[in-house]
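Place chain B on chain A using the hints.
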Amino acid sequence: MAFEYEKYLRMDKIPHLWCPGCGIGVVLKAMLRSLENVGWEKNDIAFVSGIGCTSRAPGYIDCNTLHTTHGRALTFATGIKMAKPDKHVVVFSGDGDATAIGGNHFIHACRRNIDMTLVVVNNNTYGMTGGQHSPTTPIGYKTSTTVYGNIDPTFDICMLAKAAGASYVARATVNKGKVLEKYITKGLENKGFSVIVATANCHTQFGRKNKMGDPISSRKWIADREIPLEKAREMKADELNDVIITGEFITDEQERTRWENYNHPIHEYTDAYKKIIEKAQKK
Amino acid sequence: MSNKINIPENYERWEAEIKIGKKEDTVTIGYWRDGCKGCGICADICPKKVWEIIEAKDKWNGQVVRVIDATNCIKCMLCEVHCPDFCIKIY
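Just so you know, the sequences run in chain order A and B. Numbering-wise, numbering that gives the first Met the number 0 puts 236 at position 237 of the first sequence, and it's gapless, one number per residue. Numbering-wise, numbering that gives the first Met the number 0 puts 29 at position 30 of the second sequence, and it's gapless, one number per residue.
Extracted from the complex, chain A is given alone in its bound form (with noise of 0.2 angstroms):
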């Protein structure tokens, strides 16, 4: 049966302002299809964006919507989350909203475990301001500054997240739009905060400087490179060189496990703040 992506959607917004072929559509969609499977009320969810080609999703959809600054999309979360710590706040960001602009407020989401969700999509250049290179631009790739191939080593944007502490990691690409649904609705569900990454395609910027300016080849390209984080950790490192791993990096129990080796409490940062508050007014 088809969903019906109408009950979610801004109509008179569609079609949409992104290139033909643009893996966000893909990634939206399954946004919506996990909206519909954690079966929330339209009003108590605030999509939040920053600036690029990705923030521009909560411009579609029918919920509230806050499009922001370069980079502070989750700062602005963070704020909302805190006023109203009973309502869902979901982030859209790109790799260079959420990493490079925005890369400080990224890792201090994640140390906070603040209940919210942050869908990065990964498309490995800045797409609306002309294809300029971006911490996810794999080495060796051209863009518009970098004509020469890009020498700069990349962010590993899951294995980031996990490292700041942030407790549901995972990485799709825009080739599997059901498993992307499947980590979507992980991410809402988990109670902390949950970044999940999904490889994207530009033909139009990257991929026409890279020799496949198409949408099927530059999908292709994707699907070529992905491996499975199962497989990815049974070989060596050197094998690992320009491919994307796939799967849950990290999920709820594994944190939990994790913390209790370090000795220290995991909480999440509303629940924490509220224990905070009537501590004081305790007095």
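Watch out, some of these pointers could steer you wrong.
To be verified - Restraint ranges, calculated between C-beta atoms of paired labels, are given here: (1) N36(A) / N60(B): 31 to 39 angstroms; (2) M0(A) / K18(B): 12 to 20 angstroms; (3) G20(B) / T144(A): 51 to 59 angstroms.
Claimed, not checked - So, partial list: chain B residues that the calculated Cβ filter (under 7 angstroms) puts toward chain A: (4) D24; (5) G34; (6) K36; (7) G37; (8) C38; (9) I40; (10) D57; (11) V80; (12) H81; (13) P83; (14) F85; (15) K88.
Since the hints were made in silico from the structure, they are not lab data. Predicted, not measured: the structure shown is a model, and the values here were computed from it. Quick reminder that beta carbons are idealized off the backbone N, C-alpha and C, glycines included.
The following block gives chain B in isolation, referenced to the frame of chain A:
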């Protein structure tokens, strides 16, 4: 989700009787031509070659898709899930 077919009037429609394994079923494919940007992902991802890319002069890259043979459809929903433009509905 209800079993009701909910395809808007501005969608192109194809209906067919299909066989999934030994089970008999019917399929209704809806396609919104005005919203389609002609990326061709549906034609590429379909395992049964239900979709075909055709020429269209009114689109930016000169192509749209159409259903060539709806009886081949196995309702795997890959095109419906991966269409970035909300243009395909399958019931």
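Checked hints:
1. N36(A) / N60(B): 31 to 39 angstroms: Once the Cβ atoms are compared, 35 angstroms apart, the range 31 to 39 angstroms for N60(B) and N36(A) holds.
2. M0(A) / K18(B): 12 to 20 angstroms: With Cβ atoms ~19 angstroms apart, the hint holds.
3. G20(B) / T144(A): 51 to 59 angstroms: holds, 53 angstroms
4. D24: violated, 12 angstroms
5. G34: holds, 5 angstroms
6. K36: Holds, because the Cβ-Cβ distance from K36(B) to chain A comes to roughly 4 angstroms (cut-off 7 angstroms).
7. G37: holds, 6 angstroms
8. C38: holds, 3 angstroms
9. I40: holds, 6 angstroms
10. D57: For D57(B), the interface hint is violated, since the closest Cβ of chain A sits about 14 angstroms away, which is over 7 angstroms.
11. V80: holds, 4 angstroms
12. H81: holds, 6 angstroms
13. P83: Holds: closest Cβ of chain A sits about 3 angstroms from P83(B), inside 7 angstroms.
14. F85: Given a least distance of 5 angstroms, the restraint on F85(B) holds.
15. K88: This interface hint holds because 4 angstroms falls under the 7 angstroms limit.
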